[in-house]
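Asks: The whole structure should be built from the sequences, with the hints applied where relevant.
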Amino acid sequence: MILLASSSPERLSDWKQGVRGFSHISCVGSFDLLRDKIVRSKPQILLLDDELPGLDSPSHITDLKKLSPETRIVILGCALSDDAEWELFKVGVRGCCKKDIDPKKLVSVIAAIQQGELWIRRSLTCRLLHELGMIALEKNQIKQAASDLLANLTRREHEIATLVGNGENNKQIAQRLEITERTVKAHLTEIFRKLKVADRLKLALIVTGSLGKHN
Amino acid sequence: MQIVTVAIADEDAGRRTKFENCLQGEEDIMVLKNATTSEGEMTIDRRLNPRKNISAIDNIVAMIRRLNPRILLANLKLCTDEDCAMLLSLRRECPETLVVLLADESVQQEEQVMQALASGARGFLSPEADSRYLSKAVHVIDRGEAWVPRKMLGKIMDQVLQWCLENSIEVHLDPAR
Numbered sequence: 001m002i003l004l005a006s007s008s009p010e011r012l013s014d015w016k017q018g019v020r021g022f023s024h025i026s027c028v029g030s031f032d033l034l035r036d037k038i039v040r041s042k043p044q045i046l047l048l049d050d051e052l053p054g055l056d057s058p059s060h061i062t063d064l065k066k067l068s069p070e071t072r073i074v075i076l077g078c079a080l081s082d083d084a085e086w087e088l089f090k091v092g093v094r095g096c097c098k099k100d101i102d103p104k105k106l107v108s109v110i111a112a113i114q115q116g117e118l119w120i121r122r123s124l125t126c127r128l129l130h131e132l133g134m135i136a137l138e139k140n141q142i143k144q145a146a147s148d149l150l151a152n153l154t155r156r157e158h159e160i161a162t163l164v165g166n167g168e169n170n171k172q173i174a175q176r177l178e179i180t181e182r183t184v185k186a187h188l189t190e191i192f193r194k195l196k197v198a199d200r201l202k203l204a205l206i207v208t209g210s211l212g213k214h215n
Numbered sequence: 001m002q003i004v005t006v007a008i009a010d011e012d013a014g015r016r017t018k019f020e021n022c023l024q025g026e027e028d029i030m031v032l033k034n035a036t037t038s039e040g041e042m043t044i045d046r047r048l049n050p051r052k053n054i055s056a057i058d059n060i061v062a063m064i065r066r067l068n069p070r071i072l073l074a075n076l077k078l079c080t081d082e083d084c085a086m087l088l089s090l091r092r093e094c095p096e097t098l099v100v101l102l103a104d105e106s107v108q109q110e111e112q113v114m115q116a117l118a119s120g121a122r123g124f125l126s127p128e129a130d131s132r133y134l135s136k137a138v139h140v141i142d143r144g145e146a147w148v149p150r151k152m153l154g155k156i157m158d159q160v161l162q163w164c165l166e167n168s169i170e171v172h173l174d175p176a177r
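Just so you know, the sequences run in chain order A and B. Residue 1 is where the first sequence starts when you use the working numbering, and the numbers rise one by one after that. Residue 1 is where the second sequence starts when you use the working numbering, and the numbers rise one by one after that.
Computed list of lysine-lysine pairs in DSS-like fashion (alpha-carbon distance at most 30 Å, straight line):
(1) B/Lys-151 <-> A/Lys-37
(2) B/Lys-151 <-> A/Lys-143
(3) A/Lys-99 <-> B/Lys-155
(4) A/Lys-139 <-> B/Lys-151
(5) A/Lys-90 <-> B/Lys-155
(6) A/Lys-171 <-> A/Lys-196
(7) A/Lys-104 <-> B/Lys-155
(8) B/Lys-151 <-> A/Lys-90
(9) B/Lys-136 <-> A/Lys-105
(10) B/Lys-151 <-> A/Lys-105
(11) B/Lys-136 <-> A/Lys-99
(12) B/Lys-151 <-> A/Lys-104
(13) B/Lys-136 <-> A/Lys-90
(14) A/Lys-16 <-> B/Lys-155
(15) A/Lys-37 <-> B/Lys-155
(16) A/Lys-98 <-> A/Lys-65
(17) B/Lys-151 <-> A/Lys-99
(18) A/Lys-143 <-> B/Lys-155
(19) A/Lys-65 <-> B/Lys-155
(20) B/Lys-151 <-> A/Lys-66
(21) A/Lys-65 <-> B/Lys-151
(22) A/Lys-104 <-> B/Lys-136
(23) B/Lys-155 <-> A/Lys-98
(24) A/Lys-16 <-> A/Lys-99
(25) A/Lys-98 <-> B/Lys-136
Hints were generated in silico from the structure; no laboratory data involved. What you are looking at is a predicted structure, and each value in this text was computed from that prediction instead of being measured.
Replies: In structure tokens, the structure reads:
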């Protein structure tokens, strides 16, 4: 289903014309109605006028995403700046285009979005790559910091830390390493002291961090 | 008219010539030939000297610094960790040169390509791509934009959002921070 949201009947009629080839199409004229509709019908695609009354900030789009996470949102705006548009992508919209887009072109926009593509202006693509680069850098730093911490452990402690990272409890660790639970506890106390962490959850975060996160 | 300088790094001489020929038809693109290197060949061949990775990367960086192309088309078939290290060095040492990968977009490679993009590559295109795309990509990247298929942009955005989400969750898990 494709949901169109705008308070302008002319826009709605233009967009409707453009998407008439699709089966379920529905229209709403205000943010409140949109909230209701999106919860009830979980549309696959939402074409959203950025001037829809009640839609005042990108956080409203975050709310919509919470109400229906699977809905892919396309914003139709006029003369959005690069910064404003980027802000929208950061809250999860999948595409931005001009409000007065040739209705025939809407079909290609929707087809692209349905295939998981991003409908983004070229001048923003580099910003996206930059963001990806920064994340990679941060991941590496976390990984490095975690490995540095773990490097202070003895071999046995490292072994136990890894098992904690795998989610094993003291009893399981004791059985696996053929030592008593009391010894496991003693090792853990020492590990916590060395790494300056208070509990096994944080230890597990460090261990998994050192391995790097894979999606 | 601003001329865009391009260098091509491909261990396959035939393919390199093909790319050179493709681009030479464009009046605002100048292909820098590899004649400036003492070895006579400008290749990014990871087999060249596997035990001296660091110096192999240094060599490439020095070569690119000498040639100083605006665009470097680099054939990195596998986008290995070593290739990514080289991309990071190039980004640091030769920020004026923008690197485009000549790599096949296949599913098993997607993760590696993504990693190369995270290491500073500004785009990638298939070595088999139509020559029209080659010159178009050069111009687009010269303008400061990326040359990445929309589908991959979608996946990159997913990763960026996922990262933001994970980090906000970690903050919640750890109220002491």
